[in-house]
Amino acid sequence: METYALLLASTLNAGTVLAIAALGLLINEKAGIVNLGAEGMMLCAALAGFVAVVHTGSDLAGFAAGAAAGAVLALIFGVLVIWLNTNQYATGLALSLFGAGFSAFVGVGYVQEKLPERPRFSIPALGDVPLLGPALFQHHPVVYLTIALVAGLVWFLYRSRAGLVLRSVGESPESAHALGYRVRRIRLAAVVTGGALCGLSGAYLSVIYTPLWVEGMVAGKGWIALALTTFATWRPARVLLGAYLFGGVTMLQFHFQAVGIEVASEFLNMLPYLATIVVLALISRNPAWIRLNMPASLGKPFYPGS
Amino acid sequence: MLKLELRPQASPIWSVASPLLALAITVVLGSLLFIALGKDPVRGLQMFFWEPVKSNYALGELMVKATPLLLIALGLAVCFRSNVWNIGAEGQFVLGAICAGGVALMADKESSRWIVLGILLAGIAGGMAWAGITAFLRDRFNANEILVSLMLVYVAVQLLVWLVFGPWKDPGGYNFPQSKTFDAITQVPRLMKGSRVSIGLLIALAGAAALWIFLFRTRAGFAQQVGGLAPAAARYAGFSSRKALWVALLVSGGAAGLAGALEVAGPVGQLTPYIPVGYGFAAIIVAFVGRLHPVGMVFSAILMSMFYIGGELAQSRMGLPKSITGLFQGLLLFALLACDTLMVYRVRWGKAADAGRKAVA
Amino acid sequence: MTDLNKRSMLKVAALTAVAAAALVGCGKKEAAAPAAAPAASAAKPEPLKIAFAYVGPVGDGGWTFAHDNARKAVEKEFGDKVATSFVEKVAESADAERNFRELVSQGNKLIFGTTFGYMEPMLKVAADHKDVKFEHATGFKQAENMRTYDSRTYEGAYMAGVIAGKMTKTNVLGVVGSIPIPEVVRNINSFTLGAQSVNPKIKTKVVWVGEWFNIPKEGEAATALINGGADVLMQNTDSSAVLQTAEKMGKRAFGWDSDMSSYGPKAHLGSAIINWAPYYIKTTRDALEGKWTGNSGIWWGVKEGAIDMVSVAADVPEDTKKRIEEIKAGLKDGSFSIWKGPIVGQDGKTVLAKDTVADDKFMSGIMFYVKGVEGKVPSGKK
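Protein chains in written order, with our numbering: chain A, 1 to 306; chain B, 307 to 667; chain C, 668 to 1049.
The following block holds chain A by itself, in its conformation from the complex:
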């Protein structure tokens, strides 16, 4: 039983990385923008966070640096895509490539660095409960913050006026523009916020999850986060559950091996992607369902005054 408690704990941890990035992408996509550059943003942020902790010793500085790095890259992306109306997919791809190359380039000097001893956390009293304690109550604060983030996002998107405006920009930018909203600024705000969250996820990876820096260390999690947002049909709570699911796939695989169950790991690895395709097919075939789930202007450029 202890093993399962620990498996749950590691799944929550693995899922947190994906969840934060996916929530950032969700904010982007709710406003109608697809940012394929998640991987590049996460890599640069991972480096920024690591470097910040190496030089200041403060994890908080690391998270802030990571979020800032993500936000800056997202800003460049946003200006290109929203004001200059460049092709979203190509620009996102360029961001991915550039971010990977840039982080590898600049990070060369930090590859041998180590961080000061990583702190351990445990919620008083709750953390000592047998089984449930290690499973749920001994995580890094960011794990709990992620859950709070989801709650906050749900409130923001579905209960606040600002969230309603954001969603309407994503559904029909033309209508929002006609109503007098500054569509492009709102979209930019969404892109930058989303970028900051992707950055936070990247920093968490290099500062807490595996406290190292090596080029390419994000190893595809940015792309998984993109899949995740779609798989979760653009709902924050589903993103969280999906993240734990996707994060759990790798841990489950290793868990099976460790207890001696033979499993073809390649097929397990395929599962998240196949599942996303299935979900896509299901929600897209009914026009009414698409309208319900996917932001209508996703990926389409907006020209004010046209």
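These are calculated hints, taken from the structure and not from any lab test. Glycine is no exception: its CB is placed at the ideal position from the N, C-alpha and C atoms. There is no bait here: all hints are sound.
Across the chosen pairs, the derived CB separations fall in these ranges: (1) C:949 / A:109: 32 to 40 Å; (2) C:836 / A:129: 21 to 29 Å; (3) C:1020 / A:1: 40 to 48 Å; (4) B:528 / C:798: 57 to 65 Å.
Residues of chain B clear of chain C, computed beta-carbon distances all greater than 12 Å: (5) 310; (6) 312; (7) 338; (8) 411; (9) 418; (10) 498; (11) 508; (12) 511; (13) 537; (14) 538; (15) 539; (16) 549; (17) 652.
Quick look at which bits of chain B chain C covers, simulated, 3 or more residues with Cβ under 8 Å: (18) 474 to 483; (19) 573 to 579; (20) 622 to 636.
Assemble the complex: chain A is given as a structure, and chains B and C must be docked to it using the hints.
Chains B and C in isolation, oriented as in the chain A frame:
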């Protein structure tokens, strides 16, 4: 205040100047980067722009790199011009390599030279089948082809890994995850001795010519582009946008699959987990920088290859980090996308009225 | 995207060509200069140019780091008689061949390829350049101007096992495996045998990452092993992620390939390192003195100074430390063999009879687990 004003039609001067300006910006930023690293910028630029073309061997290697990029980009151009966004060319490349490898593994002493044809056809079929999945899901379920094709890339890579770790592993290879080395008879014919350039180059160039004819001289090509870009107008004119979707994805899948087959039966000579090197994604850049035009893409494929090879040389001769290649490629695309704005918009100082109201100067 | 006619594209081409030529024209003079310099110092003989091709980054703190350290040792040993250089992150793909040809064209006469996947490309290039000597690590194909070299990492694994068997409290050990090739399976077995020699009750669990180098995955594999009850970990992967994860979770682990003690000061029990310097220095000397011959291969271990167990933790009991030194001495003078019967497989059947010492042929084909290891070798034979 700088204002952007939509031009009534895209400026032809900037259409030509934009890629050049983007290249110039990349070169300038690159030089600054070299200087910041304490390296001689001119020597650095030489690595990228002179070394890869200065000898026959170097040119040959350039072509080896450019062939798959060009092939995939040609297919992608058909797609993008039809407003079908196939981001999963990498997965189609891998499937083409798998199918080609499967046929190659069947070769033995008795096989004739014609097996090469079988290998290439298998590659095309594999890529087409993989792209066909995306087409089917878009056609039948209206599923977004960008996300589906992207997801399928990962599925394809896992499939390859499973094959080389499992059923297709070389029994005499000490359990290393790779297939048997393909029999010599399966090698795609080379163009000249001493170089790895294969007939794939000729196929790619022929493809470029064929694409040019298709896009600009045939009714089908015209219908293809209209069918994608303006479905309503297409319906009115009797062109099928459904047909455009299938043609676009099958053609680009086949092209990517062919590129995969050429790689695997050419320079690599076996199936390994390292087959996916990112050509499918790099080809997207090649397509854009080449303006989705066959002649333009020939040049941009060569340019991208120069970046790849130049990056390797910069590393081995100047001690620059290998990541410089990805950096330059990303920079080039960014610069191009930004410069393209000048083609579509006019930059004005001061307040500008809405595009519709001002009389065109 | 607009349509362009052929004429404008030709203009683009011409302009690009002119721009490139102009750029390069001013640069060509630079190319001539460096070539002139060496000729001036005609008094000393030309240094032997040696090049190293690495599959990973020099900063991985593991496999490639160890090779690079040995390269520096060669420089130190031979001074200006040699000139070394390296290329890192050379993928085991179609690009490898081009990289080797490039190294040859730079005038290198002794070239090291440090991973199995370079075998075919090196063979091809070696065939075309008979005057250049090629050294391939962990491979098995040779040629007149190409030979192979490898290290007995299983000796380091055995010594780690001895320490692990003594230090474990749960009697469950974990190994993070890379790819299920004989070398790695042999290491898992040797680790287990070493632990059993001081603690017959131990069990070894194995998790396979499927790659040599993937930091997040190595960390997750380590976590899974710890979750499964292992409190001492060993790895066959190239980074320090396993050690770092052990440090994070309060367990113990070993460094692999290089001294990783600084990556996990509390968790680190010892590092099973590979020291390529003795071999690299010997082969360089052979090349300099004209004694280098191809079509051969060496497999060096503790005896030749290629393998060692270093930085053993302070809290390891004295008698265990003594045992490690005894093992090293025994391996050096040949009185001790790790793979000496009776050795029993998972099914209880004897795979090595009593007092039989396994030969190298037996060792290179090990694809079974010894008793005490849990699970099955992925697609391995019984």
